[in-house]
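Colleague: Protein chains in written order, with the numbering used here: chain R, 1 to 317; chain V, 318 to 735.
By construction, these hints were calculated from the structure, which means they are not laboratory data.
Now the in silico label distances, taken between C-beta atoms and shown as ranges:
no.: 1; chain 1: V; residue 1: ASN592; chain 2: R; residue 2: GLY258; range: 13 to 23 Å
no.: 2; chain 1: V; residue 1: ALA393; chain 2: R; residue 2: GLY258; range: 15 to 25 Å
no.: 3; chain 1: V; residue 1: HIS371; chain 2: R; residue 2: LEU78; range: 52 to 62 Å
no.: 4; chain 1: R; residue 1: GLY258; chain 2: V; residue 2: LYS590; range: 20 to 30 Å
no.: 5; chain 1: R; residue 1: TRP172; chain 2: V; residue 2: ASP535; range: 35 to 45 Å
no.: 6; chain 1: V; residue 1: ASN592; chain 2: R; residue 2: VAL298; range: 33 to 43 Å
no.: 7; chain 1: V; residue 1: GLY474; chain 2: R; residue 2: GLU76; range: 51 to 61 Å
Interface residues of chain V toward chain R, partial, derived using beta-carbon atoms under 8 Å:
no.: 8; residue: LYS413
no.: 9; residue: SER417
no.: 10; residue: ALA569
no.: 11; residue: ALA570
no.: 12; residue: PRO699
no.: 13; residue: ASN706
no.: 14; residue: ARG734
These figures come from a predicted structure and were not determined experimentally.
Glycine included, every Cβ here is placed at the ideal spot set by N, Cα and C.
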Amino acid sequence: MLTPATAAPDVRRPDRRRRIRQGVRESLAPYAYISPFFVLFLIFGLFPLLFTFYISLFDWDPIGEHRFVGLDNFSELLHDPRFWGALRNTFSIWVLSTVPQLLLALGLAHLLNHARLRLAALFRMSVLVPYVTSVAATTIVFAQMFDRDYGMINWFLGLLGFDHIDFTASLWGSHLMIATMIAWRWTGYNTLLYLAALQAVPRELYEAAAADGANGWKQFLHISIPSLRPIIAFTVVTSTIGGLQVFTEPLLANPVGGLTCGAARQCQTVTLYLYEQSFGQFHFGYGAAVGVALFVIVVAFSGLNYLLATRIRSERP
Amino acid sequence: MKRVRSTAVVIATVALVLAGCGGSGGTSDPKTFEFWSFANINQKADVDVYTKAHPDVRVKVTEVGSTTETAQALTAALAGGKVPDLVLIQADDLPKFMQSPDNFVDLTTLGAGDIKGNYLDWVMAQSTTKDGKIIGVPTDVGGLAVAYRTDLFKAAGLPTDRDEVAKLWPTWDKFIDVGRKYVEQTGKPFVDNTPTSVFFQAVNQGSQRYYSADRELDYDNEQVKAAFDVTLKAFGAGISAKQGSFSSGWTAAMKKGDYAVVCSPSWMLSQMKTNAPETNGKWDIATIPGGSGNWGGSFLAIPKRAKNAKAAWNYISEMQSPKGQLDHFLMQGSLPTTPSVYTDPQLVGKTDPFFSNAPIGKIYTQSVVGIKPFYFGPQDGPVGTEFLNTLTSVEQGKVDPANAWNTALANVKNAVRE
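Between the sequences and the hints, there should be enough to build the whole structure, so can you do that?
Modeller: This is the structure in structure tokens:
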């Protein structure tokens, strides 16, 4: 009579085990599915980040000596006018490019959303053309347009009787030039984001407003803008992060002076300074310290943006 | 099924990533070697000549990119990647690699000691360590001369014959005088810019640059100061078109004849032809003020971890022999570093119709024989950049010439890392 008693659990146990195993499997499966991203992030995101922190504590020649210097790189950075200059340039270029860019994108999106717009698809597609053009090509064309003696802009200024402006040599001129390149590239992209959000706004709102006698400007101000709040917050955050890391435009805008973007480093951004130190002069430790400083600044600004964005989002129109 | 698939995804991902990181693999066939060069210097033509003579040898040439990009790729490779067997390094990038000579094969172990006498001593000195290790064999030098517009010189009442023109400017001071005369006559600027065409050339003509003879950093010296001052003088004379070398304005002004002279190393000649084809035949070439000078040049080196150093060395010793370099010059135009061929009739007889049939081989080789060797140090890059940038700021009206030297020293001091 022992047989059934012992046999029964024998049958049940594998079943239970299987169920437990299956339970474990099912609870682990989602992690397995998302693991490719995290594995890649660990290798190409987190590891380089931590390694950057690590080498910023060294005097690090990539093919030679690695000498531990503690926080020396950072204290040097605090007293380095080139770093502060690069930071000033970065913020100036960021403001000059982001503010007009987002305002213009808002206006364009409003126009493109108009119910009676003919060839809407064509116009909506064409705003994206600058975005798909190579940055290098754009930069070279813009640099020629802004040239002191032979550029189109100065030719035009000359026709109007003004003196030529040496854009690349001056602080504001070079910032304006680079900001124009960035705005040219990203305005269309942001326009489409705004447009997508606007399409979700019920047409009846506009029709009702029109029936009440609100003109285009009033509709823009009181319907479009309030409905766009969350997406505006989003574009401000992405433009900030992108704007603080501008690199290609200043690298190619001013060939005189190599990696300094001008003789007085007048348009050298933080990332370009990082590149000059690391890859131009092989000071990887110091370059890493610049990178860490930039990381801290970007995190701080993203946090600030996040706070602003949540406040904007929670306010009801 | 579900489990199998998700696990497989993870494994495949990890495997892919690991494969990307590790794995140097490759062949170690003694007849095959890998060669990294920069683009636009046509080393492939040399390799073709070599493989035709040695059909059993296979050379895998990779044109990495610009000179800087090639140096960066080499840096990454040396720091822990797959290294080539042979690599071309530009002279400006060489000092950074000379800091850590252990990354390279000491070529004296392969026989470089026997052939080093074939090359210009001041070039060889750049790739030789303090204790006599040879890291690189020079492939070419830039040389220096002045390219000038004969039509514009004629219009300004200046002589146009290249020997007479050379006699006008034995020194930089005389060069400035000629410039003044030109500006008076034509009302147009004379030289493309002063930082590159004057300072960058003059500072390389002394017996010391930014380091002392015992390889200590010493940029605040009389020779550098003299080159700096003569540049300020040239700027003060109002002869500069203030077009930064290689900028879009520089190219446009070259086409339009808005300046009459450019101090030009031999490798710049082909750029001028591409930039301003419509000026064909209007240029000529004369000796540079001061008589000698160099800008540029490259070296071939073999990384220590190379799989096939011997095959790479065989290539160097054959293709960089005096005869090899002469053939390369006749084919490609880059200047040999082997003085024994400087009197070769083929080299002396080489002329260029774009530059009024100037004997470019003769003029440029003469500019490199009188050069005094000086030490190129690891900080040469940043120091040179700051001096040049300060002088450019003077041209752009951002720095007062009276304060320029002190500004430059302050900038250099800040840029130099001990």
